[in-house]
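Q: Given the structure of chain A, go ahead and fit chain B onto it with the hints provided.
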Amino acid sequence: MPILQSSPDTPPATPTKRQAFRRGGISVLPILLGVFPFSLVLGFAMKESGLSPLQSASFAASVLAGTAQLATVQLYAAATPGVLIVITALVINLRYAMYGLSMEPLVRHTSIPVRIFYAYIMSDQSYAFTMAEAEEHPGHPHITSFFLGASLVLYVFWQGGIALGYLLGSVIPSWLPLDFTIPLVFLSLLMPHLKDGKRRFAAGAAALGALVMVPLLPLQTGLLAAILTGMGGGILYEFFASRNPRKKETTS
Amino acid sequence: MKYYAVILGVALGSLLIKSIFLCGFSSRHLPGWLMKNLDLIPPTVLAALVAPALVYAKTPSGLEIYLPKILAGAGAFAVALYSRNVLLTILGGMLLLGLFSRLF
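These protein sequence lines are chains A and B, in that order. If you count by our numbering, then the first sequence holds residues 88 to 339, one letter each, in order. If you count by our numbering, then the second sequence holds residues 5 to 108, one letter each, in order.
Pulled out of the complex, with its shape left as it was, chain A reads as follows:
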């Protein structure tokens, strides 16, 4: 049974909430290979920068945003002015605004407090898995249960990993490049979205933009610039494709 695939061919015809929740939780298990070591590193970094257990735990509990958290800890350890730390972390997190924007149609039936909770537990990974699932099963009745299952599994392992990293120190052998598993998972989740020329062109433009701008621009602003470049590319592609009927792509 292809439980661990991002795109099984035979999903349950009408999954119950419980099944969707389980499917979400199971779907993210492979990415724990990459996420769990990251949380260990973060926990270790918290200890190294002299944060007390209470300080570390309250930071871990207050926000879920790995890269921004690691940057905050490093900047705090380097005695950076507080305002600058906050601005840096928020700029790194700007991509989450885009995630919220594209996920909003999926959560339209839920109340505002519930959505704020969803925002709190949303991560790069749970967003990516949920959007891949929604792309493959349009009109999924319990996509929010899928999101919740995926997010909660990631959340538990993330917090556990921070605690373990704080207690045990650096336990990942440095020769094992487990961080490489994260882009591999995202690569796999990208595939269901490349259904038409517009989205393929947009993804290509975003990839090229990221290769040029991420090394050049500070504070991960290159990432956001690349996303906007890709979207602009996709919109232009559609504009020109609709003006030239011979080149018009048929959406498959």
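Source of the hints: derived by calculation from the structure; they are not laboratory data. All values reported here derive from a predicted model rather than from experimental measurement. Built from N, CA and C at the ideal position, the CB exists for glycine as well. Hints are not guaranteed to be accurate.
[As the list claims (entries may be wrong)] A short list of chain A residues far from chain B (calculated; beta carbon distances all over 12 Å): (1) Thr-101; (2) Pro-102; (3) Lys-104; (4) Lys-134; (5) Gly-226; (6) Gly-247; (7) Leu-251; (8) Leu-254; (9) Leu-255.
[What the hints assert, rightly or not] With a straight-line cut-off of 20 Å between C-alpha atoms, the simulated DMTMM-like cross-links for lysine to aspartate or glutamate are: (10) A/Lys-282 / B/Asp-43; (11) A/Lys-282 / A/Glu-223; (12) B/Lys-62 / A/Asp-266; (13) A/Lys-282 / A/Glu-222; (14) A/Lys-104 / A/Glu-223; (15) B/Lys-40 / A/Glu-222; (16) B/Lys-40 / A/Glu-191; (17) A/Lys-104 / A/Glu-222; (18) B/Lys-40 / A/Asp-283; (19) B/Lys-6 / A/Glu-135.
[To be verified] Here are some, though not all, of the chain A residues that point toward chain B, as calculated from beta-carbon distances under 10 Å: (20) Pro-117; (21) Gln-142; (22) Val-150; (23) Tyr-163; (24) Asn-180; (25) Arg-195; (26) Ala-215; (27) Pro-270; (28) His-280; (29) Gly-291; (30) Gly-296; (31) Thr-316; (32) Met-318.
A: For chain B alone, kept in the frame of chain A given last:
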């Protein structure tokens, strides 16, 4: 005390960023061209996250082009395209990275 002020700022600011559009601010206040192209967000986000991670290695002096990652990434792309399977993509990519980083 400064520490708690900083993490409060990071936490509240992040929650605001993450929830503002998720809470429906979007449909009324954002331009139509953006709302019509929401399906471009997932592929562009993922492509922008993936591309640098499959090309550059982090070094003390910044990001540097690293050939084994490019080759392993190209192989993993093929695996992802044909298998559509997360686990196979991870295994293929990691094996290829291990192989190519010994060869080059």
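Q: Taking the hints in turn, state whether each one holds.
A: To see whether the hints hold, each was checked on the structure:
1. Residue placement check: A/Thr-101 keeps its beta carbon more than 12 Å from all beta carbons of chain B (closest about 23 Å).
2. Against chain B, the non-interface label of A/Pro-102 holds: every CB pair exceeds 12 Å, the least being about 19 Å.
3. The beta carbon of A/Lys-104 sits about 20 Å from the closest Cβ of chain B, which is more than 12 Å, so the claim that it is off the interface holds.
4. Here A/Lys-134 stays apart from chain B, with its beta-carbon at least about 15 Å from theirs, past the 12 Å limit.
5. Separation of A/Gly-226 from chain B is adequate, the least Cβ-Cβ distance of about 15 Å exceeding the 12 Å criterion.
6. No beta-carbon of chain B is positioned within 12 Å of the beta-carbon of A/Gly-247; the least distance is around 20 Å.
7. Chain B leaves A/Leu-251 outside its interface by the beta-carbon criterion, the shortest separation being 21 Å against a cut-off of 12 Å.
8. With 12 Å as the threshold on Cβ separation, the claim that A/Leu-254 sits away from chain B holds: the shortest Cβ distance comes to roughly 20 Å.
9. Every C-beta of chain B lies more than 12 Å from that of A/Leu-255, the closest at about 23 Å, which supports listing it as non-interface.
10. Pair hint A/Lys-282 plus B/Asp-43 holds up; C-alpha atoms about 11 Å apart against a cutoff of 20 Å.
11. A distance of roughly 10 Å separates the Cα atoms of A/Lys-282 and A/Glu-223; the hinted pair therefore holds under the 20 Å criterion.
12. Restraint check: the Cα-Cα separation between B/Lys-62 and A/Asp-266 comes to about 11 Å, which is no more than 20 Å; the hinted pair holds.
13. A C-alpha spacing of about 10 Å is found between A/Lys-282 and A/Glu-222, which places the hinted pair at or below 20 Å, so the restraint holds.
14. Simply put, A/Lys-104 and A/Glu-223 have alpha-carbon atoms about 18 Å apart, close enough for the 20 Å limit, and the pair holds.
15. Under the criterion of a C-alpha separation no larger than 20 Å, the hint pairing B/Lys-40 with A/Glu-222 is consistent with the structure, at around 16 Å.
16. A C-alpha spacing of about 13 Å is found between B/Lys-40 and A/Glu-191, which places the hinted pair at or below 20 Å, so the restraint holds.
17. Under the criterion of a C-alpha separation no larger than 20 Å, the hint pairing A/Lys-104 with A/Glu-222 is consistent with the structure, at around 18 Å.
18. Restraint check for B/Lys-40 and A/Asp-283: the C-alpha separation of about 15 Å stays at or below 20 Å, so the hint holds.
19. Distance restraint check for B/Lys-6 and A/Glu-135: the Cα-Cα separation of roughly 18 Å lies within the 20 Å cut-off, and the hinted pair is therefore satisfied.
20. A hinted interface residue such as A/Pro-117 counts as satisfied when its beta carbon comes closer than 10 Å to some beta carbon of chain B; here the least separation is about 5 Å, so the hint holds.
21. With its C-beta approaching chain B no nearer than about 6 Å, A/Gln-142 sits inside the 10 Å limit, and its interface hint holds.
22. For A/Val-150, the suggested interface contact is upheld, since its CB lies about 4 Å from the closest CB of chain B, less than 10 Å.
23. With a cut of 10 Å, the hint placing A/Tyr-163 at the interface with chain B holds, because the nearest CB-to-CB distance is about 7 Å.
24. Hint status for A/Asn-180: holds, given a least beta-carbon distance of 5 Å to chain B, under 10 Å.
25. This hint holds: A/Arg-195 has a C-beta 7 Å from the nearest C-beta of chain B, less than the 10 Å allowed.
26. Because the smallest distance between the Cβ of A/Ala-215 and any Cβ of chain B comes to about 6 Å, under 10 Å, the interface hint for this residue holds.
27. Satisfaction of the interface hint for A/Pro-270 is found here, the shortest Cβ-Cβ separation to chain B being roughly 4 Å, below the 10 Å cut-off.
28. This hint holds: A/His-280 has a C-beta 4 Å from the nearest C-beta of chain B, less than the 10 Å allowed.
29. Hint status for A/Gly-291 relative to chain B: holds, with the closest Cβ pair at about 7 Å, below 10 Å.
30. For A/Gly-296, the interface hint holds, since its Cβ comes within 10 Å of a Cβ in chain B; the closest pair sits about 7 Å apart.
31. Below 10 Å, beta-carbon pairs count as interface contacts, and A/Thr-316 has one with chain B at about 8 Å; its hint therefore holds.
32. The closest approach between the C-beta of A/Met-318 and any C-beta of chain B is roughly 5 Å, which is under the 10 Å cut-off, so the hint is satisfied.
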